[in-house]
Amino acid sequence: MVTFNNDIDVLNYALTLEQFEAALYKVLIGANLLTGVEAQYLTTFGAQEQAHVDTLTQVIGQLGGTPVTQPTSYNFAAAGPITNRDQLIAVVTMVEDLGASAYLGAAGYIQSRDLLTAAVTIHAVEAEHASIFRDLQGLAPAPDAVAKGRTPDEVLAMVMPFLAAPAPTPTPAPAPAPAATPGSHFIRRLGDG
Amino acid sequence: MEDRILRIVHGELSRRSLLKGALGAAALAAMPISSIAFSEAQALAANLPDDFAILNFALTLEHLEDVAYRQAIASGKLTGKNQQYAQMFGDQEHQHVVLITGALQQAGQTPVAEQAHYNFPAYTDEHTIIDFLRVLEETGVGAYSGAAQFIKDKGILTVAGGIQQVEARHTAILRRQDGMAPVPTAFEKALTPDMVLAAAGPILGA
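Protein chains in written order, with my numbering: chain H, 1 to 193; chain R, 1 to 206.
Incorrect hints may appear among the rest.
Label-pair restraints from in silico Cβ distances [said to hold, decoys possible]:
| # | chain 1 | residue 1 | chain 2 | residue 2 | range |
| --- | --- | --- | --- | --- | --- |
| 1 | R | Asp50 | H | Ala164 | 43 to 51 Å |
| 2 | H | Val37 | R | Gly108 | 20 to 28 Å |
| 3 | R | Tyr118 | H | Ser73 | 53 to 61 Å |
| 4 | H | Pro143 | R | Asn119 | 31 to 39 Å |
No lab work stands behind these hints: they were computed from the structure.
Idealized CB from N, CA, C, for every residue including glycine.
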């Protein structure tokens, strides 16, 4: 069960998700599957996720904490095939909806009033991103009158497949001692205490 | 003064009767209505003493949005997607009113009531209406964001956050319908209660 010992832990939880989002956007932009205004949304929103990464990293440092290191790679294949516009938008929608629910579910853990204010300003933007992408698929921008948060455990369960290393190609040689998988620091950190 | 502010928030005094007591009839007559609303609103804004006051503050805005949407739909001026969004979002704003009203009543508090009149802009055309609704939603997100740090009860914080998120979703769509970038900044600005009341005061009127 994920527990937070302090605000730095909560911020690092948010940073882990933002790093993932920022990396996902870069990959999706590189896929060149969108055009026109939709492509512009991807670029703009991706830059905003990177701004979240940068700000959270800075704040954690200012508070005397150590920002989580971004994994060197993610297993984006866990999202399924992303070969066309519809698939891409479905994936980014899922991630943004997840991000919004994660911030909402984490708000109650934040002790500092200033950090809570900062978190809700980011929370709103994740929701705005989700809203636009949902609408592009013909989905209701706001599925519920009152949005539901997800607990850190629920969020972790959904994000884990992307943090795991991709399945290794089978070789006849004996498997080497397993190295730390990308994101294992995240699991250890959130699992501490 | 503080007690009087609490009583406004708890819906126990009309603005008029409060102002008469505070300022005297002559002063009241001499001042334009809108500035009276501002000064009273600013006094109110300086004091959000507890979660129920914050909920009534939020409910004041939700009523405003609820009625704005209702009148927007009734105007017959909205077309196509604008009409669909107004119906969808307006219904959700009404649900916010019902939820917060119910929560306050259950807690033995007096919820602020919907006003008989609001100073809306004239709903002359679709663009004016969408622009106004956009401003209301933007103000709503900012209001919830600015109030969050003052909420003591974690359950109320979660509900307020859940409502704030929906206001944000509405805001993005309405900005786009209003010809603006749907998400102009990486951080959606939190508004202090002062700033919210500066924006909403004229609409709420006296």
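Evaluated hints:
1. Asp50/R with Ala164/H: 43 to 51 Å: Holds: the Cβ-Cβ distance is about 46 Å, inside 43 to 51 Å.
2. Val37/H with Gly108/R: 20 to 28 Å: 50 Å, violated
3. Tyr118/R with Ser73/H: 53 to 61 Å: Hint holds: Cβ distance 54 Å, inside 53 to 61 Å.
4. Pro143/H with Asn119/R: 31 to 39 Å: Hint holds: Cβ distance 33 Å, inside 31 to 39 Å.
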